[in-house]
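There are 2 protein chains.
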Amino acid sequence: MHFLVIGGDAAGMSAASKVRRRRPDIQVTVLEQTLDVSYSACGMPYTIADPSRSIDELVVRRAQVFREKLGIDLRLGHTAEAIDRSGKRVTGTDAAGQPFAINYDQLLIATGASPCLPDLPGFQAEGVMVLKRLQDGRRIKEYLGSRPIKRAVILGMGYIGLEMAEALRRLDIEVSMLKPRAELLPWMDRQLAAVVQEELEANQVDLRPGCPVQKILQRSGELRVETEQTDPLMADMVLVATGIRPNSQLAEKAGLALGPAGSIAVDRAVRTSDPHIFAAGDCADAYHCVTGQKTWIPLALRANRAGWAAADGVLGSPAELPGVAGTAVFKTFDLQVAKTGLSRAEAQAAGFEVRDVVIVSSSRAHAHPGSSQIHVHMLGDAVSGRLLGAEMVGREGVAHRINAVAVAVHSGMNLADFAQTDLAYAPPFGPVWDPLLTAANQLLKRL
Amino acid sequence: MHFLVIGGDAAGMSAASKVRRRRPDIQVTVLEQTLDVSYSACGMPYTIADPSRSIDELVVRRAQVFREKLGIDLRLGHTAEAIDRSGKRVTGTDAAGQPFAINYDQLLIATGASPCLPDLPGFQAEGVMVLKRLQDGRRIKEYLGSRPIKRAVILGMGYIGLEMAEALRRLDIEVSMLKPRAELLPWMDRQLAAVVQEELEANQVDLRPGCPVQKILQRSGELRVETEQTDPLMADMVLVATGIRPNSQLAEKAGLALGPAGSIAVDRAVRTSDPHIFAAGDCADAYHCVTGQKTWIPLALRANRAGWAAADGVLGSPAELPGVAGTAVFKTFDLQVAKTGLSRAEAQAAGFEVRDVVIVSSSRAHAHPGSSQIHVHMLGDAVSGRLLGAEMVGREGVAHRINAVAVAVHSGMNLADFAQTDLAYAPPFGPVWDPLLTAANQLLKRL
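Residue numbers (my numbering), protein chains in the order written: chain Z, 1 to 447; chain E, 1001 to 1447.
Careful: at least some of the hints might be erroneous.
Said to hold, decoys possible - 25 Å max Cα-Cα, derived PhoX-like pairs, lysine-lysine: (1) E:Lys1132 / E:Lys1150; (2) E:Lys1088 / Z:Lys445; (3) E:Lys1150 / E:Lys1069; (4) E:Lys1253 / E:Lys1088; (5) Z:Lys132 / Z:Lys215; (6) E:Lys1445 / Z:Lys18; (7) Z:Lys445 / E:Lys1018; (8) Z:Lys69 / E:Lys1445; (9) E:Lys1253 / E:Lys1150; (10) E:Lys1069 / E:Lys1141; (11) Z:Lys215 / Z:Lys18; (12) E:Lys1445 / E:Lys1253.
As the list claims (entries may be wrong) - Partial chain E-side listing against chain Z, Cβ under 7 Å, derived: (13) Ser1040; (14) Pro1322; (15) His1366; (16) Ala1399; (17) His1400; (18) Ile1402; (19) Leu1423.
Claimed, not checked - If you want the footprint, here are the derived chain E segments under chain Z, 3+ residues with CB under 8 Å: (20) 1055-1062; (21) 1188-1200; (22) 1411-1418.
Rather than coming from a laboratory, the hints here were simulated on the basis of the structure.
Where is the CB? At the ideal position from N, CA and C, for every residue including glycine.
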């Protein structure tokens, strides 16, 4: 039995490792396009912000460990180019440019996602960069270390863009952020998004939403970012963080069914439309635990879990994964921003009769020093009474607090029941009525 | 219609306010023994730790506000002494020592709890204090401000004792802590309790568990705490924090049914065995949401909720409260300590086939600077697969993280389902696998 994995990041290495740990008699081969496996990609903005740290600190486990400790045949620099489903064979090119062909009994596609690069002039210039793979992080760090960088332009205002805005400001680099759409964090309630905007502006980030880029010109070592609306922006570096798309081309070419956003469609046991092929990680879709519908939410935890589920399938004991809640958190400057469940637009699109509320509460108890504001946006369904999701913004007590809502969303809890949950209280950590309970109590009045 | 409330703290004032807000035609009288209503008692240790702050900052709403804004007939310094249930009448003594008698249609007993004072010689000495009501906090603060205090002895090692140990150490006072039982935090897993013990010792708290006090002697302004095991301890101040007991004497004398620990027995709508009398707050019992059995867990959030539930009953639309999960958190020095659901002993006593696990994880992602250890103790039932509870200790990310387990416990979630919840991840806030998920995954292997 030969289990072949395309892609040696979170999902791929989780699957490969679990199969080898449980069944050392199964031969496992992993094809990885880059030279890196098993690293904490999300840590890159923080490593970039600190000149004393190396990107390679983010490597969790080196290739050698997978080979020697787990007996995984890990082939770096190997690019898979085609899947022959009837012949159960993958072909491609190795690091030396030589073709290879490998047969499989079971295949996992764990090819991840790639940054979206707009098809506009100048995006291939030297100082124009993306941040997705470890080699992207190395390149940015080398670039920052090799010349004086005074001004950076970030295209996009998603998680990566906002984390990198903080990182570059910490290096005392002037930062401008541009995006085509008019709204910052369009999925979020406007009142909460305004808090994020204030934080960015307080940290001298020059925000320009509603400002699509036309082209980038390189002139005597400087980059000139041209837009319709404004004078050109001069920069020493441009970070393109305009979203990612699933790496599903290989699957598509092989005729596998696709899901939302062109991700690879998988069932609850992460099997594709071909019973011998699994897909897991950022390249694959998932069920949303609130709507029951397919969604594409590329996040690290799901990638690990889906990798394990693929391993379970290979091991002959397929496990069905429950849906994802879309829980996410990021930090930008001193602000924690978190969400779980459905946004207002998502809930409306899914047919719920949405009621929502925004409340402002405190991060600490009445009169406790050091308290700051916590904003909560909570959503419920007027028909079923169900809690649909929440968003939170604050300087403390947001990142882990959102998990209470995530668990409620997973269990299909009603708002009335959530409002009665016994949440922890001590003055340094919140008011007697936790901000989530205050939001739930207020929202109940609108159902 | 006359609604009479005995006790003007969290439960009493919540009930009185809600009734007046909804039905201004209902006459509401509150009898409060002290001169304080509506304050954040849990904030006292932090106020005591800071000489620049006054205890009175903890007052949330003054008596005048309740009288003028809500039209509540709030009588301070009024001690209720007897309830004549057949005559529906409460008698007692007012601040001037004059007897009073008040009739009611509906009565709420919200008399709270009082510190347990051992019946031993010397506990009435001037420097021997408790910390429960606002006047206790004022007394401690005045005492600390009026003379040089170098050494304090704290009797008891519960929440209050541990919070006050931190407060007194911050004031550079030497602290010794004594208790009769051998274990620190006996409800907690030993490995987690050891982390708390290390933190206390690292902050020069002299811990003496297994050391019952025999008496306290006062000698030329100094207190001498005598024990069986050790040489006497000399102190300028002794804090007695050996637990609290429900103030149910009035209810007991009136023949009302009592529950666990001598608290007043109430149904899910917080009605006592007399249909015209409610009880709410620290004096009353509750159902535990895991066992379905009666329990006595005196905490602020429940007091507020039970007060509202009593108001609902008075307003003719009784609401049933779901059970409590026993969620609690406290801070001692730089450590956050939290729990929810059942402890091992509670789970065993309730007849569950308990399996548990302790894991050590990180507060931040791999290689993220500033990470510290998080210890999780998680418990499940081998028969049903249900998640029964958890305890956590750590320097960050504990206080709010426990709420995810609290919600799971409320919804009766299985460990297998909890292990699949989509919890938030970003490098500054935890590893990809949240410590709670790691604990759940490990515990699943033992079920």
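Results of checking the hints against the structure:
As the CA atoms of Lys1132 (chain E) and Lys1150 (chain E) are separated by approximately 23 Å, the hinted pair is consistent with the 25 Å bound. With a C-alpha separation of about 35 Å, the suggested pairing of Lys1088 (chain E) with Lys445 (chain Z) is violated against the 25 Å cut-off. As the CA atoms of Lys1150 (chain E) and Lys1069 (chain E) are separated by approximately 45 Å, the hinted pair breaks the 25 Å bound. This hinted pair checks out: Lys1253 (chain E) and Lys1088 (chain E) have alpha carbons roughly 14 Å apart, not beyond 25 Å.
Distance check on the hinted pair: Lys132 (chain Z) and Lys215 (chain Z) sit about 22 Å apart at the alpha-carbon level, within 25 Å; holds. Pair hint Lys1445 (chain E) plus Lys18 (chain Z) holds up; C-alpha atoms about 15 Å apart against a cutoff of 25 Å. As the CA atoms of Lys445 (chain Z) and Lys1018 (chain E) are separated by approximately 15 Å, the hinted pair is consistent with the 25 Å bound. Under the criterion of a C-alpha separation no larger than 25 Å, the hint pairing Lys69 (chain Z) with Lys1445 (chain E) is consistent with the structure, at around 23 Å.
A distance of roughly 44 Å separates the Cα atoms of Lys1253 (chain E) and Lys1150 (chain E); the hinted pair therefore is violated under the 25 Å criterion. Restraint check for Lys1069 (chain E) and Lys1141 (chain E): the C-alpha separation of about 31 Å exceeds 25 Å, so the hint is violated. As the CA atoms of Lys215 (chain Z) and Lys18 (chain Z) are separated by approximately 46 Å, the hinted pair breaks the 25 Å bound. Restraint check for Lys1445 (chain E) and Lys1253 (chain E): not satisfied, since their Cα atoms lie roughly 52 Å apart, outside the 25 Å limit.
Interface restraint check: Ser1040 (chain E) against chain Z, minimum CB-CB distance 5 Å, threshold 7 Å, status holds. Because the smallest distance between the Cβ of Pro1322 (chain E) and any Cβ of chain Z comes to about 5 Å, under 7 Å, the interface hint for this residue holds. For His1366 (chain E), the interface hint holds, since its Cβ comes within 7 Å of a Cβ in chain Z; the closest pair sits about 5 Å apart. With its C-beta approaching chain Z no nearer than about 4 Å, Ala1399 (chain E) sits inside the 7 Å limit, and its interface hint holds.
A hinted interface residue such as His1400 (chain E) counts as satisfied when its beta carbon comes closer than 7 Å to some beta carbon of chain Z; here the least separation is about 4 Å, so the hint holds. With a cut of 7 Å, the hint placing Ile1402 (chain E) at the interface with chain Z holds, because the nearest CB-to-CB distance is about 5 Å. The beta carbon of Leu1423 (chain E) comes within 5 Å of a beta carbon in chain Z, closer than 7 Å, and the hint placing it at the interface holds. Note: the stretch 1055-1062 of chain E has 3 residues with beta-carbon separation from chain Z under 8 Å; the three-residue rule is met and the coverage holds.
Note: the stretch 1188-1200 of chain E has 0 residues with beta-carbon separation from chain Z under 8 Å; the three-residue rule is not met and the coverage is violated. With a cut-off of 8 Å between beta carbons, the stretch 1411-1418 of chain E has 4 residues touching chain Z; three or more are needed, and the interface restraint holds.
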